[in-house]
Structure formats: structure tokens, C-alpha cells
Amino acid sequence: MQEPIVEVRDLNVSVRGTQILRGVNLTLHAGKTLGVVGESGCGKTMTGLTLMGMLPAGASIDGGSLRIGANDVTRFSESQWRGLRGATVSMIMQDPFTSLNPMMRVGDQIAEVMRLHRGLGKASAWSEAVEWLRKVGVPSPEKSARKFPHQMSGGQRQRVVIAAAFATQPQVIVADEPTTALDVTLQAQTLRLLRELQAEHGTAVMLITHDIGVVAAVADEVAVFYAGQVIENGTPSAVLHHPQHPYTQALLAAVPQPDLTRLITIPGSPPFFGQLPAGCSFAPRCPHAFEACHQEPPMVETPGGQRVTCWKAAKPVTPSV
Numbered sequence: 001m002q003e004p005i006v007e008v009r010d011l012n013v014s015v016r017g018t019q020i021l022r023g024v025n026l027t028l029h030a031g032k033t034l035g036v037v038g039e040s041g042c043g044k045t046m047t048g049l050t051l052m053g054m055l056p057a058g059a060s061i062d063g064g065s066l067r068i069g070a071n072d073v074t075r076f077s078e079s080q081w082r083g084l085r086g087a088t089v090s091m092i093m094q095d096p097f098t099s100l101n102p103m104m105r106v107g108d109q110i111a112e113v114m115r116l117h118r119g120l121g122k123a124s125a126w127s128e129a130v131e132w133l134r135k136v137g138v139p140s141p142e143k144s145a146r147k148f149p150h151q152m153s154g155g156q157r158q159r160v161v162i163a164a165a166f167a168t169q170p171q172v173i174v175a176d177e178p179t180t181a182l183d184v185t186l187q188a189q190t191l192r193l194l195r196e197l198q199a200e201h202g203t204a205v206m207l208i209t210h211d212i213g214v215v216a217a218v219a220d221e222v223a224v225f226y227a228g229q230v231i232e233n234g235t236p237s238a239v240l241h242h243p244q245h246p247y248t249q250a251l252l253a254a255v256p257q258p259d260l261t262r263l264i265t266i267p268g269s270p271p272f273f274g275q276l277p278a279g280c281s282f283a284p285r286c287p288h289a290f291e292a293c294h295q296e297p298p299m300v301e302t303p304g305g306q307r308v309t310c311w312k313a314a315k316p317v318t319p320s321v
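Using the working numbering, the letters of the sequence shown map in sequence onto residues 1 to 321.
If you're looking for bench data, these hints aren't it; they were derived computationally from the structure. Don't take each hint at face value.
[Said to hold, decoys possible] With a straight-line Cα cutoff of 30 angstroms, these simulated DSS-like cross-link-like pairs (lysine-lysine) come out:
1) K122 x K143
2) K135 x K122
3) K135 x K147
4) K122 x K147
5) K135 x K32
[Claimed, not checked] Quick list of the computed label-pair ranges, beta carbon to beta carbon:
6) H210 x S237: 17 to 25 angstroms
7) N12 x T185: 53 to 61 angstroms
8) R146 x Q80: 31 to 39 angstroms
The structure displayed is predicted, hence computed values, not measured ones. Here a beta-carbon is modelled for each residue, glycine too, at the ideal position from N, C-alpha and C.
Using the sequences provided together with the hints, build the complete structure.
See below:
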């Protein structure tokens with residue numbers, strides 16, 4: 001199998017002494033999409049920011065390793081990250097309006113990243129910026145390149161952000177909820193555009209989302225997060241159709257369906273990171289919890305190929321509490 005472009009091994013990230021990511025293991029391969037799903041606050045975006053070297057103030061990697069390409073970036077300084085960020089790994093933020101500089105024309109913003117990370121001259125960068133706008137489907141690209149962000153629709157702004165991310169020719173793109181601010185039609189168009197550009201350039205994509213449907217449509221692998229851990233990962237077919245972790249099962253059951261007469265919810269609330277329960281973090285909410293769940297669960301590989309962190313998966317017989 002081809003060597004992964006990104007390899008995350010037993011990664012721990014803390015914010016002012018409170019552990020946020022715990023033992024995260026992930027890989028990204030060229031031309032493939034890893035879908036990262038879970039409830040709000042589960043660590044999805046923190047994982048993406050770690051891959052970008054953009055941890056917030058007070059946050060740090062305090063265990064495990066992170067490799068991007070040939071670089072072990074676990075202990076990279078900010079100056080080292082500046083050489084990697086944009087050129088090797090780029091990010092598509094959730095809100096395209098706040099991602100763009102309101103005081104710069106969009107063509108200048110795309111041209112600037114190419115001048116900075118690819119060393120293009122001013123004229124060639126501008127010409128290529130216009131071409132990128134054409135490639136991502138922005139109408140009248142020569143005219144649109146001279147517009148400011150507020151003069152464009154939300155869908156057009158998202159296409160500008162996607163163009164800027166791909167224009168630096170990165171190996172990896174972290175897409176953090178790239179369709180959340182768009183309507184259903186624009187969501188489908190944006191996802192199709194991402195897939196087309198990814199196939200053309202062989203880019204590895206980490207797609208962070210809360211939308212199970214998006215993952216089912218575009219992901220090659222799925223990682224389900226809960227309380228800062230990957231609790232299940234595998235192919236979309238395995239994870240979404242044959243989930244093994246009780247949280248994954250509950251998450252999928254909570255997806256609204258047209259034929260359901262009532263909304264299914266997950267009892268309780270996710271734990272606070274500073275007050276995690278002993279053992280499995282999902283145990284207080286889990287209908288299958290038993291005595292062993294108060295100890296740290298093992299990671300097991302199922303016959304279907306999923307990797308699951310769960311005592312129930314390790315012990316098929318589940319005694320009552």
C-alpha cells in the first residue's frame with residue numbers, strides 16, 4: 001500500500017493542562033478523503049488545526065507524533081510551520097466570508113498565496129488567479145477577480161476559498177465544515193467541485209463535518225470522534241452500514257428520517273474535557289455499558305475491518321449493568 005501523506009500516531013493535545021485530544025491515530029493518503037465526524041466539541045476541528053500548525057494559545061502537543069510528507073512536524077516551531085503551511089498543507093474554513101480579507105479584491109488574495117508559496121511573479125500570479133476562478137466555476141472570472149468579497153454570493157465566496165486552497169498545490173487540504181453555510185444545492189455543487197479538484201491534483205483531503213450524508217457521499221475512510229478520541233474508523237460502507245461502537249450506532253440512529261414519527265436522541269451530554277469519566281468516556285450514556293467499561297477500553301479490529309475502541313467490540317457477550 002502507498003505510504004500515507006499524513007500519519008498521526010497516539011497524538012495527545014492539551015490546552016492549559018487539560019487534555020483535548022487523546023491517543024488519536026489517523027492516516028491520509030494521496031487522492032483520498034478522510035471524513036471526520038462527531039458532535040460539536042468532540043475534537044474534530046482541534047485535529048484539523050493541529051495538522052495546520054495553528055493550535056490556539058495555550059494548546060500544545062504533549063504526546064505522540066505527527067508526520068506530514070517527509071517531515072516529522074510534532075515539534076515544529078512557528079517559523080518551520082510557515083514554510084509548510086500553505087505550500088504543503090492548506091485549509092478551507094467553515095465561513096468563507098470571514099476567511100477572506102474584506103479589504104482585498106479576491107483575485108489579489110488568490111494571487112498573493114501563489115506568490116508567497118510558489119514564487120510566482122505578480123503578472124503570472126494574477127493570470128493564474130483568474131484561471132483558478134474559471135476552473136472553480138465563478139462566472140465572468142476576469143470581472144469577478146476584481147470584486148471584493150462582499151460583492152459576491154456565499155457560494156461564489158466558497159469557490160474563491162477553494163481556489164485559494166488548491167492554487168498553492170498542497171499535498172493535503174483540511175476542509176472544516178466547508179458546506180455548512182450553504183444551501184443544499186450549493187452543498188452538492190461544492191462537494192462535487194472538491195472531488196473533481198482532488199482527483200485532478202491527487203490531493204489528500206481531511207473533511208471535517210457533522211453531516212453523515214456528506215461523509216457517505218465523498219469519504220474513502222471515516223473516523224468517528226467522541227470526547228477527543230477516535231472511537232471507530234474504517235470504510236464508509238463498514239462504519240455507516242455496520243457500526244460497531246455504541247456511540248456510532250446512536251449517532252446514526254439520531255439522523256432524522258422521513259418515515260420516523262419521533263426524533264431519536266442520545267441520552268445525556270458529552271463529558272467536559274476536564275471531568276472525563278474513568279474508562280470509556282461514552283459509558284455514562286451507553287445502553288450497553290458493563291463493569292469493564294470503567295477501565296480504559298482496548299482498540300480492536302473487527303471482521304469488517306473497522307478499528308473500534310470499545311469493550312463491547314472486544315467482548316461480544318455484554319452482561320447487564
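Hint check results:
{"no.": "1", "hint": "K122 x K143", "in the structure": "18 angstroms, holds"}
{"no.": "2", "hint": "K135 x K122", "in the structure": "20 angstroms, holds"}
{"no.": "3", "hint": "K135 x K147", "in the structure": "17 angstroms, holds"}
{"no.": "4", "hint": "K122 x K147", "in the structure": "18 angstroms, holds"}
{"no.": "5", "hint": "K135 x K32", "in the structure": "21 angstroms, holds"}
{"no.": "6", "hint": "H210 x S237: 17 to 25 angstroms", "in the structure": "20 angstroms, holds"}
{"no.": "7", "hint": "N12 x T185: 53 to 61 angstroms", "in the structure": "41 angstroms, violated"}
{"no.": "8", "hint": "R146 x Q80: 31 to 39 angstroms", "in the structure": "36 angstroms, holds"}
Hint compliance for this structure: hint 7 is the single one not met.
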